[in-house]
Amino acid sequence: MTSKISLGKLIREDLRHRHWMMALSCLTQFFAGPVGVLLVTNGVRPYNPDMAGARERLANSIYQTLLEYFSAASPILGCLIAGVGALLVGIFGFRHLFSRRMADLYESAPITRKDRFLAGYLSGFFVWAVPAVISLLLTLILGQTRLLADVPIPGARAALCTATGKALLVSLFTFLTVYHLCILAASISGSVFNSLVNTALIGLDVIILKAMTASCGGVFFRTYIPDSESVVRASAFSPLASPVVMCYYLVRGANEEVPVPVWKEVPFFFFASIAVTVLLGAGAFFCYKKRASEEAEGGVANRAVQAVLRTLNAFLAGIFGGLLMNQVVVYHRTVWSVFGIVVGAVLAYAVMDIIHQRRFQAALSHKLPMAVTTLCAVVLFLAYSMDWFGYDAYLPSESNIASAQVYFAQYREPGRRLSFEDGRVEYTYGREEDQWVTMTDPAQIRSILASGTGYAVNARNGRGSENRLLTNVQVRVKRRFGFSYTRSYALNMDCIDAVRSVVETESYRTRNYPSCSGAYPTPDLLGVETTAGGMQEIRDAVWARELTQAYYQDFAEHYCVERLTSSVSVGRLKLEYLDQDPKQPESTIYRTVSLNIGYDYKRTLSLIREYWELLPIGIEDLMRSEPYLDLELSWNADGEYEMSKEMLYSYFGVPGAPALDTYKVSDQNPAYSVEIGLGSADPALLYPCLVIGDYNGYYGTFYDAYNCSGLRPVGTLETRNRYLQVFVKNGTVPKEFVDGLTLETIPYDHEVHYSDEGYGDSYGGVMGSF
Amino acid sequence: MIEIRNVKKRFGEVQALAGITTEIAEGQVFGLVGTNGAGKSTLLRSLCGIYRPDEGEILIDGEPVYENPSAKSKVFFISDDQYFFPGGTPMDMLRYYETLYPGFDRERFFSLMDALKLDPKRKVSTFSKGMKKQLSILYGVSAKTKYFLCDETFDGLDPVIRQAVKRLFIKEMEERKMTPVIASHNLRELEDICEHVGLLYQGGILFSKDLDSMKLGMFKVQIVFREAEDEKRIAEMFEVVDREQRGSLLTLTIRGSRTEIETAISAQTPVFYEVLPLTLEEIFISETEVLGYDFKNIIG
Chain A
1351 MTSKISLGKL IREDLRHRHW MMALSCLTQF FAGPVGVLLV TNGVRPYNPD
1401 MAGARERLAN SIYQTLLEYF SAASPILGCL IAGVGALLVG IFGFRHLFSR
1451 RMADLYESAP ITRKDRFLAG YLSGFFVWAV PAVISLLLTL ILGQTRLLAD
1501 VPIPGARAAL CTATGKALLV SLFTFLTVYH LCILAASISG SVFNSLVNTA
1551 LIGLDVIILK AMTASCGGVF FRTYIPDSES VVRASAFSPL ASPVVMCYYL
1601 VRGANEEVPV PVWKEVPFFF FASIAVTVLL GAGAFFCYKK RASEEAEGGV
1651 ANRAVQAVLR TLNAFLAGIF GGLLMNQVVV YHRTVWSVFG IVVGAVLAYA
1701 VMDIIHQRRF QAALSHKLPM AVTTLCAVVL FLAYSMDWFG YDAYLPSESN
1751 IASAQVYFAQ YREPGRRLSF EDGRVEYTYG REEDQWVTMT DPAQIRSILA
1801 SGTGYAVNAR NGRGSENRLL TNVQVRVKRR FGFSYTRSYA LNMDCIDAVR
1851 SVVETESYRT RNYPSCSGAY PTPDLLGVET TAGGMQEIRD AVWARELTQA
1901 YYQDFAEHYC VERLTSSVSV GRLKLEYLDQ DPKQPESTIY RTVSLNIGYD
1951 YKRTLSLIRE YWELLPIGIE DLMRSEPYLD LELSWNADGE YEMSKEMLYS
2001 YFGVPGAPAL DTYKVSDQNP AYSVEIGLGS ADPALLYPCL VIGDYNGYYG
2051 TFYDAYNCSG LRPVGTLETR NRYLQVFVKN GTVPKEFVDG LTLETIPYDH
2101 EVHYSDEGYG DSYGGVMGSF
Chain B
1013 MIEIRNVKKR FGEVQALAGI TTEIAEGQVF GLVGTNGAGK STLLRSLCGI
1063 YRPDEGEILI DGEPVYENPS AKSKVFFISD DQYFFPGGTP MDMLRYYETL
1113 YPGFDRERFF SLMDALKLDP KRKVSTFSKG MKKQLSILYG VSAKTKYFLC
1163 DETFDGLDPV IRQAVKRLFI KEMEERKMTP VIASHNLREL EDICEHVGLL
1213 YQGGILFSKD LDSMKLGMFK VQIVFREAED EKRIAEMFEV VDREQRGSLL
1263 TLTIRGSRTE IETAISAQTP VFYEVLPLTL EEIFISETEV LGYDFKNIIG
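Residue numbers (our numbering), protein chains in the order written: chain A, 1351 to 2120; chain B, 1013 to 1312.
Just so you know, the hints here were simulated from the structure itself, not pulled from any lab data. Treat each hint with caution, since some may be false.
[To be verified] Residues of chain A placed beyond 10 Å of chain B at every Cβ, according to the derived structure:
1) I1355
2) M1372
3) S1411
4) R1496
5) V1628
6) E1644
7) R1708
8) V1729
9) N1750
10) Q1760
11) Q1794
[To be verified] Think about it this way: if two alpha-carbon atoms lie no more than 25 Å apart in a straight line, the pair counts; the simulated DSS-like pairs of lysine-lysine are:
12) A:K1359 with B:K1158
13) A:K1639 with B:K1086
14) A:K1464 with B:K1135
15) B:K1135 with A:K1359
16) B:K1156 with A:K1359
17) B:K1156 with A:K1640
18) B:K1086 with A:K1359
[To be verified] Derived list of chain A stretches under chain B, where covered just means 3 residues or more per stretch with a C-beta under 8 Å from a C-beta of chain B:
19) 1363 to 1370
20) 1452 to 1458
Ideal Cβ positions, reconstructed from N, Cα and C, are used throughout, including at glycine.
The shape of chain A in the complex, shown without the other chains (with noise of 0.2 Å):
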């Protein structure tokens, strides 16, 4: 059953009814490739003709406009020529499954499907590629040209060469894969809208599947991580995010200002894109083949594709509706979510049926798939935001743990990169993989997991800690059995052993904190800025250094858990260098990194007081660099919320209000009563000069607030976050108070915390930071 007419005529009789596509696709790409090349190199001029080296300057500053054009922006344009000119030729190129006229026309054809399927593909691949070498060819001849040719810049053609092939494969993909999507979704729809329908919920199902996982885990699991890398990763094996992640690392490849080697990620996405495609096209090819030609005009051809669609976008649909309930309400979340889940599962099924079928009347066609689908949300949606599955809780036994490797977000230095003049960079960001501990010890492992299980738990039932030592202690546990998993804890106190015996160590400190332990020589500093005793700037470069090692001294003489636990420092210290700027290696920049100072650190408080004859500090300094009190309370969302606003009054002393000491630690009760380690202060004190709001009111709604006195009407409180937080207006907070407080009344034990943001558990705990 073959054909006897060749595909060649085939394609070309297809070509002649497609003249507006061939134009359209000429006139963009030529514009995109040899037009734009030509404007951007046109405003490059030497700046003084005149100058020693203006030749060689305006050939560097020529080449390196080229390379970023066809290393950015050719494939971004290539990218969305492709993809729009893909759109166009697949749903358009296949329009006679849409029209039973063209249909009629088309399929009594003397002619195989296959034969008619190859030639519409194939014109309308022609119809992108074609033109697409073209301009690429023209592009890269202009851009040889523009390259002064007697100023020869080592490799630069090669480069310019280089860059094409990139930006053509990185089109290629991108029209393949969008190609063979909108062709998968014309063969399964019977009209041009269900085709863009249909390309867009396949082409996106597959991240927001992914996006609405990791959601979920985010939102419900107090130990998820999202692992960004995994996502960016999977993203490739969206239909549509594949290329797109493709362009990004050729973009980012070109630009980013620290040569990262990406093109050891480009096989995978390789493979990824390839795989694909095919499985893309081979779908097309199959449906396309299988379509029955009488769905032309309705609504999605094929039955079994129907039922796949609406069930998996309500389900979407339901769980995004689950999310957003549980996100907006404050009380009965569970209930408020289920009705978002049902009605964004139900709503989304119905008008699924209206699109497939056409016809409103069809939007209750299917009543137990559509109940059964929504019920199957509300029960996923059930097991995460109950953990059914006992995620948060899981704890290895011990016989199964294999090792694992720590990560403690809490005991590292600050973020930073430090250039050598012997050319040598070094990065002591926290994620770099020489901030992770191996640790072989199972009894070890599982004492760190078990205290952070046991304080996920209590996080998930409304219940601090107040036990807490740590937050964002990321664990890679390696098991003997089964997978390896990552997770991210809060630990108590009961586990500071486990700890202390990873972080007190010399190998620890030098590779965690690099500049504090003299492990780099300090490059260039320039000075020192102080928060101690106000803002103060060094510019004398010796005391500087001075002054630096002093701190470094210090540091080591206090290194142990508590001292790093302990966030609360009279102020800090900026050190400020010149760095050589990677983009320009003519310029320079400045980097600077920040330091604590702890209340104990003698030499460093004993060199900044002999600068600054005006600093006593004291008390009242580290109020005035830290001016807000802030404490948090937990309590379970729906029941405690009133109990714990009137602990929060009592504890203040506010007229009326129950004594303090009338609040049990029970089920019903919030987590434990206030205790903060103020010494003799009295925290009624406080009562005249407080503002109580949550924590997003003090950026948003509080903010203004900010400097009234007294509390706020109750009515005005959110709870969204389950905790409150009390601002003490700056500066007057009563000196009977303040008299109260000594340095040894706060010190790094584990009830007062410094407030980390974004790490801190805002589920548990009294928090409080001076």
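Assemble chain B onto chain A, guided by the hints.
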């Protein structure tokens, strides 16, 4: 020969073809008649390989037609609403058909275009409905396929062109044994061109007969009996397909040969009688009424 064997086709809840079995012999004009929704267009689309039957098979000269270019190359199909390339001229369609039908006779096409006074360089979108039908027929004839399937093609043609097309068909049949299959509601038009008629009803084929034998097997008799018992005797002897009475004049549609009917009625010595041949339309109506399609009571 086109062989249709127990072909079934369903669109959702609608059974468009319900097990059709018939044959279309070569070198004759096959008329396909039927009520609206009887399945004529569906059958034609199945015959040219556009639709795949749910069950059964369709053979063109012994080969299955669906997805078979060899069989499909013997068939040319004109739908009731033929598609022309947007903004295209007859030349554009000509190139398309030339690509797909290697035997396409370009000279013949132009000579016919000339004869019908159609401008090959004028945009098809400016053609009248009838001109488009003529154009479609010219493509079909020029493609030189063995079977030519026309769906409602004669609708919209003026009487002069209709006669010209008929002559054209006859000539093609004489020269190269072309077999036109014409689906139409216009039974009067089919009557003088078709040799064989297939009557479709509710997706099934009611009968498929030579038109002549069909006309010779059923007659309309206008009669005035002397006694009521005479009519009963006639009814016992023949199948009375339809009966209508106005005063004493009775009109009966009777199945049987003319000689048998005349002999039987003469024996009853009626006051008056006349045996009349039926038109195709009358046969169509009678046969479908037998199956319960009540034309008289469609409205009111």
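Going down the list of hints, with the structure as the test:
With a closest Cβ-Cβ approach of about 6 Å to chain B, I1355 of chain A is found to fall inside the 10 Å limit, against its non-interface label. A cut-off of 10 Å between C-beta atoms confirms that M1372 of chain A is not in contact with chain B; the least separation is 15 Å. At roughly 50 Å from the closest C-beta of chain B, the C-beta of S1411 of chain A stays outside 10 Å, upholding its exclusion from the interface. In this structure R1496 of chain A is separated from chain B by more than 10 Å, as the shortest Cβ-Cβ distance comes to about 42 Å.
The non-interface label for V1628 of chain A is consistent with chain B: the shortest C-beta to C-beta separation is roughly 24 Å, beyond 10 Å. At roughly 6 Å from the closest C-beta of chain B, the C-beta of E1644 of chain A falls inside 10 Å, breaking its exclusion from the interface. The beta carbon of R1708 of chain A is kept farther than 10 Å from every beta carbon of chain B, the shortest such distance being approximately 13 Å. No Cβ of chain B comes within 10 Å of the Cβ of V1729 of chain A; the nearest lies about 33 Å off, and the non-interface call holds.
The claim that N1750 of chain A lies off the interface holds: its Cβ sits roughly 56 Å from the closest Cβ of chain B, which is beyond the 10 Å cut-off. At roughly 65 Å, the least C-beta separation between Q1760 of chain A and chain B is larger than 10 Å, which holds for a residue marked as non-interface. For Q1794 of chain A, the condition that its CB be more than 10 Å from all CB atoms of chain B holds, with the nearest at approximately 67 Å. For the given pair, K1359 of chain A sits about 23 Å from K1158 of chain B by alpha-carbon distance, which is consistent with the 25 Å threshold.
In summary, the hint linking K1639 of chain A to K1086 of chain B is supported, as the alpha carbons are separated by about 22 Å, within the 25 Å threshold. Simply put, K1464 of chain A and K1135 of chain B have alpha-carbon atoms about 31 Å apart, too far for the 25 Å limit, and the pair is violated. For the given pair, K1135 of chain B sits about 24 Å from K1359 of chain A by alpha-carbon distance, which is consistent with the 25 Å threshold. A threshold of 25 Å between alpha carbons decides the hint, and for K1156 of chain B with K1359 of chain A the separation of about 20 Å falls inside it, so the pair holds.
In summary, the hint linking K1156 of chain B to K1640 of chain A is not supported, as the alpha carbons are separated by about 30 Å, beyond the 25 Å threshold. With a CA separation close to 20 Å, the supplied pair K1086 of chain B and K1359 of chain A stays within the 25 Å bound. Beta-carbon proximity to chain B at under 8 Å applies to 3 residues in the stretch 1363 to 1370 of chain A; the threshold of 3 is reached and the given coverage holds. As drawn, the stretch 1452 to 1458 of chain A meets chain B at 6 residues by the rule of a beta-carbon pair under 8 Å; at three or more, the given contact holds.
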